[in-house]
Amino acid sequence: MAEKLKPAERLKKDRVPMRAQEPEERINNFLEVPFGYSLQEAIEEAQRCLQCKPPYCVAGCPADVRIPEFIEKIIEEDIKGAFLEIKKTNALPAVCGRVCPQEEQCEGACIMNKKGKPIAIGRLERYVADWARELNYSDAKKASVRLNKKVAIVGSGPAGLACASDLAKLGYDVTIYEALHKAGGVLVYGIPEFRLPKAIVDYEVDQIKELGVEINLNYVIGLTKSVDELIQEYDAVFLANGAGAPSFLNIPGENLNGVYSASEFLTRSNLMKAYEFPNYATPIRVGERAVVVGGGNVAMDAVRTAKRLGAKEAIIVYRRSRKEMPARAEEIEHAEEEGIKFELLTNPVKVLGDEYGNVVGIECVRMELGEPDESGRRRPKEIKGSNFVIDADTVIVAIGQSANPIVARSATGVETNKWGYFVADENGKTTHPKVWAGGDIVTGAATVILAVGAGKKAAKSIHETLSRQ
Amino acid sequence: MYKILKKQKWSDTIYSNWIEAPFVAKAAQPGQFIILITNQKGERIPLTIADSNAKEGWVQIVYQVVGASTLELSVMNEGDSLYAFVGPLGIPSEVENFGGKVLIIGGGIGIAPIHPIAKKLKELGNYVVSIIGARTKDLIIMEDKMREASNELHIATDDGTYGQKGFVTNIMDDILKKESEAIKDIWAIGPPIMMKMCTRVANEHNKQIWVSLNSIMVDGTGMCGACRVSVGGKTKFACVDGPEFRGNLVNFDEMMLRQKQYCDQEREALMLLEEKIRRQASNG
Ligand SMILES: Cc1cc2nc3c(=O)[nH]c(=O)nc-3n(C[C@H](O)[C@H](O)[C@H](O)COP(=O)(O)OP(=O)(O)OC[C@H]3O[C@@H](n4cnc5c(N)ncnc54)[C@H](O)[C@@H]3O)c2cc1C
Ligand SMILES: Cc1cc2nc3c(=O)[nH]c(=O)nc-3n(C[C@H](O)[C@H](O)[C@H](O)COP(=O)(O)OP(=O)(O)OC[C@H]3O[C@@H](n4cnc5c(N)ncnc54)[C@H](O)[C@@H]3O)c2cc1C
Ligand code: SF4
Ligand code: FES
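Going down the list, the protein sequences come from chains V and C. So the first sequence is residues 771 to 1239, counted in the numbering used here. So the second sequence is residues 11 to 294, counted in the numbering used here.
For the record, the hints were derived by calculation from the structure and aren't laboratory data. Treat the hints with caution; some may be incorrect.
Said to hold, decoys possible - If you anchor each label on the Cβ, the simulated ranges turn out as follows:
no.: 1; chain 1: V; residue 1: Ala772; chain 2: C; residue 2: Arg277; range: 56 to 64 Å
no.: 2; chain 1: V; residue 1: Glu1152; chain 2: C; residue 2: Ile203; range: 40 to 48 Å
no.: 3; chain 1: V; residue 1: Ser908; chain 2: C; residue 2: Ile101; range: 40 to 48 Å
no.: 4; chain 1: V; residue 1: Ser908; chain 2: C; residue 2: Arg277; range: 55 to 63 Å
no.: 5; chain 1: V; residue 1: Ser914; chain 2: C; residue 2: Gly242; range: 28 to 36 Å
no.: 6; chain 1: V; residue 1: Ala1215; chain 2: C; residue 2: Gln39; range: 29 to 37 Å
Stated by the list, open to error - If you want the ones that stay clear, here's a sample from chain C, every Cβ over 10 Å from chain V, calculated:
no.: 7; residue: Asp61
no.: 8; residue: Ala78
no.: 9; residue: Ser79
no.: 10; residue: Met86
no.: 11; residue: Ser91
no.: 12; residue: Glu106
no.: 13; residue: Asn107
no.: 14; residue: Ile165
no.: 15; residue: Lys187
no.: 16; residue: Gln218
no.: 17; residue: Arg268
no.: 18; residue: Lys270
no.: 19; residue: Arg289
Unchecked claim - Simulated pairs of lysine to aspartate or glutamate, EDC-like, Cα-Cα distance not exceeding 20 Å:
no.: 20; chain 1: C; residue 1: Lys36; chain 2: V; residue 2: Glu1003
no.: 21; chain 1: V; residue 1: Lys968; chain 2: V; residue 2: Glu802
no.: 22; chain 1: C; residue 1: Lys270; chain 2: V; residue 2: Glu1125
no.: 23; chain 1: V; residue 1: Lys887; chain 2: V; residue 2: Glu1024
no.: 24; chain 1: V; residue 1: Lys774; chain 2: V; residue 2: Glu814
no.: 25; chain 1: C; residue 1: Lys36; chain 2: V; residue 2: Glu999
no.: 26; chain 1: V; residue 1: Lys920; chain 2: V; residue 2: Glu984
no.: 27; chain 1: C; residue 1: Lys175; chain 2: C; residue 2: Glu162
no.: 28; chain 1: V; residue 1: Lys995; chain 2: C; residue 2: Glu66
no.: 29; chain 1: C; residue 1: Lys270; chain 2: V; residue 2: Asp998
no.: 30; chain 1: C; residue 1: Lys51; chain 2: V; residue 2: Asp972
no.: 31; chain 1: C; residue 1: Lys51; chain 2: V; residue 2: Glu1046
no.: 32; chain 1: C; residue 1: Lys286; chain 2: V; residue 2: Glu1046
no.: 33; chain 1: V; residue 1: Lys1043; chain 2: C; residue 2: Glu276
no.: 34; chain 1: V; residue 1: Lys850; chain 2: V; residue 2: Glu1024
no.: 35; chain 1: C; residue 1: Lys129; chain 2: C; residue 2: Glu104
no.: 36; chain 1: C; residue 1: Lys270; chain 2: V; residue 2: Asp1124
no.: 37; chain 1: C; residue 1: Lys130; chain 2: C; residue 2: Asp168
no.: 38; chain 1: V; residue 1: Lys1043; chain 2: C; residue 2: Glu30
no.: 39; chain 1: C; residue 1: Lys244; chain 2: V; residue 2: Glu1024
no.: 40; chain 1: C; residue 1: Lys246; chain 2: V; residue 2: Glu1024
The beta carbon of each residue, even a glycine, is placed where N, CA and C say it ideally should be.
Just chain V, same shape as in the assembly:
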């Protein structure tokens, strides 16, 4: 058991940095960038925590993770104890420890921000979850009670998995229907291996299966079976099909060969493992110069993937300035370290091709920032006559995703809004008494942990409703 420091000593310690692959090396592989803490490093970092009462950090966590409690266990070198504390509220700790925007959540709320740097809560969560996975330690056990009530869940992304996990623990018979051939949603098809190794997602999915959750892969709700049929067959239905339909720019030349949506590009690379072509059968093409249009996390993932697939130049084209970029600061920094170029205040107007239908470049126009718009960000305006061409072999469009209508079309009595998202209250209840919805398909593209939170709330509400029947 490590020493508990006095508050004054805690304040003197610096945040423990995390070792990572060097940029020159990592642009040649798909291995995870940061290495994670060692036990010693985790303890050092944990020792900085002030154990606030009430804790500020927890208020910033959408999954109510018992942060000071698990950190205390790390100091006690009781990693299993720490793991059990986290698992009380979060079914996906190894994932969240890696991909949550902690700077806006727990770490953003941590009192230590006032005294310097916040506690590295994400890194500690990751350390604890990795410990369990490496030792194959599992706390998953089937519920001892069986309620003989059946719940169907559409989609195996974080929202679906979190809901399934909570309901299974309560004794429900839970069946997940997943359209793809692998479970995990964006965690497997969107977020790249170098940020979230797929073995980790598989492990966390397996833990949920251990609870008795059945996952039917290759099953498209709306086509293989309708939501209406699920409503007939089950006591409750949770819709968590995400918002994965890609948006395009609607500019000339967008159907040339070499133009991808970020969804397609990342699906080919992550889900289908095109980065191991021809060992894996799905091809992908990048060429020497890849241009990614967009400034969010998806754009950063796409551009860093393009670099690793061999692009000599990988360029972000974004219509506002650096300050307005929605991507996490850490992602932008990682991209810069990897030699990604940024063409800011730049907007594409046309994709240029050759006589074989291949992309050869993208015509752009420079922008300047005008008055703030509804989002409070300054609205970009074209600078007339500033058109110029960026040579490119590949153009990847990463300007957002929207709702896919397949599920909603087959769900009679479940209301959607004008963008096709399900209308649901804060407990996930939709306009149909047997149907709940949550995650990106309610909120629009958001975060893993918000989806987890939505899944948990829906599970609680489903349990309350079905217990009354």
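We have chain V; now place chain C with the ligands onto it with these hints.
Below, chain C with the ligands without anything else, positioned relative to chain V:
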């Protein structure tokens, strides 16, 4: 799951498999397709549902070996299981009783996907006039089944080894010249160039025509846009907005260029797989 219940070789390059897939069989309708993956490292390939039986829980596919993935599929045996098999995908054909004649045109491997549409149209009470064609006699498939599904069957081969010498479009043109009025709707499925030519003939006679677009796909559920095609000047996703579209509105040239997107990689993959199969064969 997804066991190959039966497999038949119909020509040098054409095979048919019957796959155990009860959920797909239950929901399948004419015009829809499936996506399958042969093994864990395989790609997702779309194939039309040639036939299905909800009671017995199988789906029939007919495929031509054109590259690595179809070759991989063709060397799997009865009793083997596919890694994934998902469907039915896409919007079903808009079939109904049109109170008259319908014209059905299937070219090469396209005969397989057009068959369930012809069958359904006949069941619904239409008078089905079918034209099937291929390069040469050996590549004419499902003749008996097409005869059964049609009231009239015409056959064409490019080289004249069977039926009328020439293209399906010649027969199509003749029929429309004679009885354009009587023909209530037209379906054509086959290689893109054939569908393009059929559309040209239909346009000449001022007729609407359905074609089924086999663009390159990944998920097949509207989540990636790989399959996008220009229809009436708008971008559509073949997997969810189609695969059938009014040919009169389709930009076939763009579609054909898009199909060549991975030519180099496809050739590399095919060579490697052929080499592997040769090695395995020589090792006994
Ligand atoms: C490239 C990328 C990077 C991201 N990076 C981060 C990050 O670093 N941190 C973060 O917090 N968030 C990130 N996000 C956002 C985050 O991944 C999503 O907000 C989250 O995954 C939403 O979870 P969900 O369960 O609602 O939906 P999804 O994860 O989208 O899962 C939905 C599932 O439903 C399935 N499905 C869809 N339709 C059907 C159907 N008809 N029948 C059956 N199944 C169906 C889908 O195949 C999918 O598996 C990223 C998103 C992307 C695209
Ligand atoms: C909705 C739909 C239904 C289809 N139905 C059938 C069917 O019933 N029977 C059948 O044999 N084929 C069908 N196809 C085509 C089939 O999917 C492709 O032939 C197959 O994916 C080729 O894979 P491969 O790896 O063997 O060849 P690849 O190596 O990928 O390609 C070899 C050659 O085939 C061409 N090709 C690649 N993908 C396609 C494609 N999607 N369509 C047409 N040509 C392609 C390439 O341009 C190349 O010249 C369908 C396609 C779609 C989209
Ligand atoms: S707010 Fe920061 S210092 Fe306080 S308990 Fe949470 S992690 Fe520890
Ligand atoms: S295949 Fe992905 S959207 Fe059509």
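Given as non-interface: C:Lys187, partner chain V, CB spacing beyond 10 Å: It holds; C:Lys187 is separated from chain V by about 35 Å at its closest Cβ, greater than 10 Å.
C:Lys270 paired with V:Asp998 [C-alpha distance capped at 20 Å]: At roughly 40 Å apart (the allowed maximum being 20 Å), V:Asp998 and C:Lys270 break the hint.
Pairwise hint evaluation, V:Glu1003 against C:Lys36, where the allowed Cα distance is 20 Å at most: holds (16 Å)
Exclusion check [C:Lys270 not at the chain V interface, CB over 10 Å]: violated (7 Å)
Satisfaction of hint between V:Glu1024 and C:Lys246, Cα-Cα up to 20 Å: Given that 20 Å is the threshold and the Cα spacing comes to 12 Å, the pair holds.
Straight-line alpha-carbon gap V:Lys774 to V:Glu814, limit 20 Å: Roughly 10 Å between the alpha carbons, so the hint for V:Lys774 and V:Glu814 holds.
Hint consistency between V:Lys887 and V:Glu1024 [alpha-carbon to alpha-carbon, up to 20 Å]: This hinted pair is violated, its Cα atoms lying about 45 Å apart.
Verdict on C:Asn107 as a residue remote from chain V, using beta-carbon distances over 10 Å: At roughly 25 Å from the nearest Cβ of chain V, C:Asn107 sits farther out than 10 Å, so the non-interface label holds.
Hint consistency between C:Lys129 and C:Glu104 [alpha-carbon to alpha-carbon, up to 20 Å]: holds (13 Å)
Beta-carbon spacing of V:Ser908 to C:Ile101 - inside the hinted bounds 40 to 48 Å or not: At 44 Å between Cβs, range holds.
Hinted pair C:Lys270 and V:Asp1124, Cα distance within 20 Å: holds (14 Å)
Cβ separation check - C:Arg268 to all of chain V, threshold 10 Å: Incorrect as stated: the minimum Cβ-Cβ distance to chain V is 6 Å, not above 10 Å.
Violation of the numbered hints given earlier is confined to hints 4, 5, 8, 9, 17, 18, 23, 29, 34, 37, 38; the remaining hints are satisfied by the structure.
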